[in-house]
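J.: Sequence:
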Amino acid sequence: MVPTCFRTVTRILFFLVSSIALLSLSLPLIADSNAEKRAGETEQFIQEIEQLPIGREALLLEQDDIAELLSRNISLLKKELGALERLVQSEKSQRNSNSHWQAISKQKDLVNRLSLSKASLLKLSQNEVREKYTAYGRDAVQLVKLEAKIIKIESLIWLNREIRLFSNFSDTIGKVLIGLIISILKLIAAAYILTLWLRNVPRFFHLSSQRELDDNWRTIKKLSPYLEKIAAPLGWFLFLSLLISLLQDLMLLDAIKYAQPAVTGCIIAIASYRLCATWLDIHGSDDQNARKQLNKKSLFMLIRITALTYVVLKTISFSLYEGAIYYWSQQLMIVFIFIEIIRVIRLWRPFVFEGASNLPSVPSYVAWSLTQKEHLLISPIASVLCMIHLSILRAQTILFTHLSKYDFFKQIIAYFFSIEVIKQTIEERQKHNLAKMNQEETFKFVLPGQADSYLIESYGQQQLDDLCSHVLKPVPAMTVVTCERGCGMTTFLRRLVVRSSNKQSLYIDCPHGGLTELIKQLSLEIGLSEDSSEGEFVQALRKAESRYLFCIDNSQRLVSPKVNGISSLIKFINIIRRGRGNHGVVLGLEQSAWRFVERARGERLILDRMLRLPRWTEEQLTELMKSRINTDEQYAIHFDDLKIPKQWDDQELDEVAKAQNGFFRILWNYSDGNPSVALRFFRMSLFKDIEKKRVVARIFKAPEDKGLELLPKPMLAVLRAIVQLELASAEELSECTQLSYIEVLNTLRFFQNRGFITMIDDKAKISDHWYRFVTNTLHNQHLLVK
Numbered sequence: 029m030v031p032t033c034f035r036t037v038t039r040i041l042f043f044l045v046s047s048i049a050l051l052s053l054s055l056p057l058i059a060d061s062n063a064e065k066r067a068g069e070t071e072q073f074i075q076e077i078e079q080l081p082i083g084r085e086a087l088l089l090e091q092d093d094i095a096e097l098l099s100r101n102i103s104l105l106k107k108e109l110g111a112l113e114r115l116v117q118s119e120k121s122q123r124n125s126n127s128h129w130q131a132i133s134k135q136k137d138l139v140n141r142l143s144l145s146k147a148s149l150l151k152l153s154q155n156e157v158r159e160k161y162t163a164y165g166r167d168a169v170q171l172v173k174l175e176a177k178i179i180k181i182e183s184l185i186w187l188n189r190e191i192r193l194f195s196n197f198s199d200t201i202g203k204v205l206i207g208l209i210i211s212i213l214k215l216i217a218a219a220y221i222l223t224l225w226l227r228n229v230p231r232f233f234h235l236s237s238q239r240e241l242d243d244n245w246r247t248i249k250k251l252s253p254y255l256e257k258i259a260a261p262l263g264w265f266l267f268l269s270l271l272i273s274l275l276q277d278l279m280l281l282d283a284i285k286y287a288q289p290a291v292t293g294c295i296i297a298i299a300s301y302r303l304c305a306t307w308l309d310i311h312g313s314d315d316q317n318a319r320k321q322l323n324k325k326s327l328f329m330l331i332r333i334t335a336l337t338y339v340v341l342k343t344i345s346f347s348l349y350e351g352a353i354y355y356w357s358q359q360l361m362i363v364f365i366f367i368e369i370i371r372v373i374r375l376w377r378p379f380v381f382e383g384a385s386n387l388p389s390v391p392s393y394v395a396w397s398l399t400q401k402e403h404l405l406i407s408p409i410a411s412v413l414c415m416i417h418l419s420i421l422r423a424q425t426i427l428f429t430h431l432s433k434y435d436f437f438k439q440i441i442a443y444f445f446s447i448e449v450i451k452q453t454i455e456e457r458q459k460h461n462l463a464k465m466n467q468e469e470t471f472k473f474v475l476p477g478q479a480d481s482y483l484i485e486s487y488g489q490q491q492l493d494d495l496c497s498h499v500l501k502p503v504p505a506m507t508v509v510t511c512e513r514g515c516g517m518t519t520f521l522r523r524l525v526v527r528s529s530n531k532q533s534l535y536i537d538c539p540h541g542g543l544t545e546l547i548k549q550l551s552l553e554i555g556l557s558e559d560s561s562e563g564e565f566v567q568a569l570r571k572a573e574s575r576y577l578f579c580i581d582n583s584q585r586l587v588s589p590k591v592n593g594i595s596s597l598i599k600f601i602n603i604i605r606r607g608r609g610n611h612g613v614v615l616g617l618e619q620s621a622w623r624f625v626e627r628a629r630g631e632r633l634i635l636d637r638m639l640r641l642p643r644w645t646e647e648q649l650t651e652l653m654k655s656r657i658n659t660d661e662q663y664a665i666h667f668d669d670l671k672i673p674k675q676w677d678d679q680e681l682d683e684v685a686k687a688q689n690g691f692f693r694i695l696w697n698y699s700d701g702n703p704s705v706a707l708r709f710f711r712m713s714l715f716k717d718i719e720k721k722r723v724v725a726r727i728f729k730a731p732e733d734k735g736l737e738l739l740p741k742p743m744l745a746v747l748r749a750i751v752q753l754e755l756a757s758a759e760e761l762s763e764c765t766q767l768s769y770i771e772v773l774n775t776l777r778f779f780q781n782r783g784f785i786t787m788i789d790d791k792a793k794i795s796d797h798w799y800r801f802v803t804n805t806l807h808n809q810h811l812l813v814k
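Offset between the sequence shown (1-based) and the working numbering: plus 28.
Don't read these hints as lab results, they were simulated from the structure. A couple of the hints might just be wrong.
[Unchecked claim] Straight-line Cα separation of at most 30 Å, DSSO-like style, residue types lysine-lysine; simulated pairs:
#, residue 1, residue 2
1, K571, K531
2, K107, K472
3, K134, K285
4, K151, K342
5, K107, K151
6, K342, K136
7, K571, K548
8, K741, K686
9, K214, K342
10, K173, K136
11, K285, K177
12, K180, K160
13, K464, K716
14, K451, K686
15, K472, K716
16, K106, K177
17, K151, K180
18, K472, K136
19, K433, K716
20, K741, K590
21, K324, K250
22, K464, K720
23, K107, K214
24, K342, K285
25, K791, K590
26, K571, K599
27, K151, K249
28, K438, K401
All chains should be modelled from the sequences, with the hints used to inform the complete structure.
T.: Now the structure itself:
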């Protein structure tokens with residue numbers, strides 16, 4: 029009985045031992061099978077995520093589907109991360125196993141791909157789904173813990189890898205020695221190039237900003253100070269980027285790739301601060317040094333926090349992609365940015381409140397802010413409100429200033445100005461507070477032009493330089509300068525005579541008598557008698573030892589708008605050319621007369637060169653108006669009670685200066701850039717304030733030009749002839765217009781009755797009061813080119 033029981037127990041024990049041995053041998057195979065199954069499931073899921081639509085098509089995805097995919101992603105990520113953790117924990121017993129390290133690398137790559145898929149799904153998610161995993165709820169906290177665990181495990185993997193590489197360093201150094209030497213040589217070459225760059229490039233741009241360059245290189249000169257400041261940061265950025273790219277390929281230094289965002293962020297921050305500081309130094313005024321330093325400090329603080337935000341978020345997205353930790357860090361950096369902005373606002377608080385308190389009028393919320401500037405908690409909010417108001421005013425000023433560069437915008441503004449001033453003038457006239465001044469008295473307040481009057485040198489400077497380069501050379505030169513009557517032709521020609529610095533440069537005002545009288549005057553100027561003939565004048569020019577330069581003003585008196593009307597001009601040109609030599613002639617022609625010459629000659633060459641003087645800009649005309657105002661207190665003109673619309677340019681000016689500039693803008697618009705017409709209207713705008721007993725500026729009464737547009741063409745032709753001849757008799761007008769003498773007389777009587785013309789010694793001249801409107805009408809009727 030005993031042997032039978034013993035055999036039974038022996039069989040049972042043998043069966044158990046065999047089962048345990050078989051199970052121990054089959055467990056690795058089962059684990060490998062499960063791992064392969066899990067890896068296949070993960071690969072299939074990743075491919076499913078990669079096939080999701082992007083761009084606008086991604087908007088068609090249902091948020092429920094994205095939520096389900098995110099849940100599956102996180103579940104798979106936990107499983108794969110657990111498998112990676114087990115591999116890392118078992119690494120100590122298999123430190124020298126290459127197959128084990130390959131398994132860790134493969135599993136780590138799988139975890140990274142799942143993290144990238146998670147980041148892609150979070151980008152596609154919206155509202156509730158994204159807040160569920162990125163806000164501060166339970167799911168978000170678990171996801172943060174999971175990502176923190178990923179960081180921990182990857183750090184252990186990196187540390188174990190470095191220890192493993194360091195222990196095998198002596199065995200592997202021979203394999204990478206050549207690559208290491210090549211990398212060192214590259215770094216030496218890069219360091220040498222960096223040294224040359226830092227030594228020469230900033231100095232080159234510094235010298236470029238100092239030297240005189242042509243117009244084609246003017247942009248380079250303006251950019252040189254900025255390029256000088258960013259040359260060094262740019263050189264360091266290129267060098268450090270190359271250094272990181274070389275070192276990350278070496279053993280034990282592959283983690284240096286995470287320093288790339290820090291290098292990029294710091295270099296961009298330094299370059300940005302240098303550019304802004306340079307702009308402040310160039311465009312800032314020296315009398316506001318405290319504000320300039322505060323600007324630099326504010327820029328430094330804002331650029332510093334922006335660079336820190338970039339480095340933190342870029343580094344996190346570089347290692348963990350845009351997961352829960354990324355969004356938490358993003359919100360934390362927003363808080364830091366908000367705190368830094370509050371600090372900047374506190375720095376600017378004294379300047380902001382001072383600027384707002386100096387404004388003549390402020391809205392109610394700014395007035396409330398000024399009362400709360402000492403409050404500890406409300407003062408930041410009050411500062412922000414004042415800053416918003418000042419920023420709006422500044423933006424309006426910048427926009428207004430840029431738009432004011434265009435004439436059409438200035439004309440629109442001047443139109444609105446004139447409407448307001450006309451309303452004020454009408455109201456005061458109805459109250460009988462204003463009395464008209466006579467013309468002679470107005471010249472005491474607005475002085476006439478004299479030889480020693482203030483010169484607006486900016487007008488026609490480019491044309492004068494061009495003309496001097498042509499007519500002051502020792503070669504024959506014959507040039508015509510044309511502009512509208514009253515735009516400064518006489519002053520321009522006198523400036524040319526002064527510029528030549530030659531006693532033989534002569535200014536001559538062409539007489540009304542035409543060519544004969546002009547030859548007599550020229551003969552007297554070169555030392556001949558008044559009765560000298562044309563031949564004697566030509567011989568004198570040929571025998572002259574020095575070069576003459578004749579600047580002949582009002583040369584339109586040699587032109588008549590009729591058949592063969594330019595014969596006197598052609599004859600004069602031929603006389604000068606017969607004189608041979610290197611003499612020069614500059615003819616100043618009124619614009620309408622020159623247009624007639626162009627139509628008469630067609631494409632046939634008559635002169636060497638033609639220059640056209642531009643219209644006066646608003647700034648030039650304003651400067652001229654101010655220079656003509658009498659500075660004597662007895663003849664002061666008051667603008668202080670002149671009501672004009674609000675202006676956003678020239679905020680630093682007081683209200684009187686703004687009113688004065690606005691009034692001059694109206695004059696510039698009415699005169700169409702003609703200073704003579706503007707001065708005429710300026711004098712017409714002076715009135716005596718009976719109540720205050722002083723002279724004030726109000727809008728002039730503009731002529732009604734509707735009747736001009738309705739005149740028949742023959743009458744308009746007479747007006748055109750008077751404009752072209754400047755001063756015309758009835759006989760000349762009859763010859764130019766082909767109208768009978770009686771018709772011309774009746775037309776002149778009609779014009780004189782309405783004030784269109786004034787008669788001087790039986791010769792008609794366009795009235796100064798009507799000149800602008802007559803030329804506008806003729807231009808609109810295509811009878812005259814302005």
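J.: Does each hint hold? Answer for all of them.
T.: Cross-check of the supplied hints:
With a CA separation close to 17 Å, the supplied pair K571 and K531 stays within the 30 Å bound. For a cut-off of 30 Å, the pair hint linking K107 to K472 is broken: about 99 Å separates their Cα positions. A hinted pair counts as satisfied when its Cα atoms are at most 30 Å apart, and K134 with K285 qualifies at roughly 21 Å. For the proposed pair K151 and K342, the alpha carbon gap of about 16 Å is at most 30 Å, so the pair holds.
Simply put, K107 and K151 have alpha-carbon atoms about 23 Å apart, close enough for the 30 Å limit, and the pair holds. For a cut-off of 30 Å, the pair hint linking K342 to K136 stands: about 21 Å separates their Cα positions. The suggested pairing of K571 with K548 holds, with an alpha-carbon distance near 18 Å, which does not exceed 30 Å. With a C-alpha separation of about 44 Å, the suggested pair K741 and K686 falls outside the 30 Å cut-off, and the hint is violated.
For the suggested pair K214 and K342, the alpha carbons sit about 28 Å apart, so the restraint of at most 30 Å is met. For the proposed pair K173 and K136, the alpha carbon gap of about 18 Å is at most 30 Å, so the pair holds. A C-alpha spacing of about 21 Å is found between K285 and K177, which places the hinted pair at or below 30 Å, so the restraint holds. Between K180 and K160 the alpha-carbon distance is near 24 Å, which keeps this suggested pair within the 30 Å criterion.
Of the pairs offered as hints, the one joining K464 and K716 holds, with about 7 Å between alpha carbons and a cut-off of 30 Å not exceeded. Distance check on the hinted pair: K451 and K686 sit about 18 Å apart at the alpha-carbon level, within 30 Å; holds. A C-alpha spacing of about 14 Å is found between K472 and K716, which places the hinted pair at or below 30 Å, so the restraint holds. Distance check on the hinted pair: K106 and K177 sit about 10 Å apart at the alpha-carbon level, within 30 Å; holds.
Restraint check for K151 and K180: the C-alpha separation of about 25 Å stays at or below 30 Å, so the hint holds. With a C-alpha separation of about 94 Å, the suggested pair K472 and K136 falls outside the 30 Å cut-off, and the hint is violated. Distance check on the hinted pair: K433 and K716 sit about 35 Å apart at the alpha-carbon level, beyond 30 Å; violated. About 17 Å separates the Cα atoms of K741 and K590, which keeps this hinted pair within 30 Å; it holds.
A threshold of 30 Å between alpha carbons decides the hint, and for K324 with K250 the separation of about 21 Å falls inside it, so the pair holds. Taking the CA atoms of K464 and K720, the gap is near 15 Å; set against the 30 Å cutoff, the hint holds. Taking the CA atoms of K107 and K214, the gap is near 45 Å; set against the 30 Å cutoff, the hint is violated. Using a Cα cut-off of 30 Å, the hinted pair K342 and K285 holds, with the two alpha carbons roughly 12 Å apart.
For the hint linking K791 to K590, the alpha-carbon distance of about 18 Å falls within 30 Å, and the restraint holds. This hinted pair checks out: K571 and K599 have alpha carbons roughly 21 Å apart, not beyond 30 Å. Note on K151 and K249: the hinted pairing is violated, with a Cα-Cα distance of about 46 Å set against a maximum of 30 Å. Distance hint between K438 and K401 is unfulfilled; the C-alpha atoms sit about 39 Å from each other, more than 30 Å.
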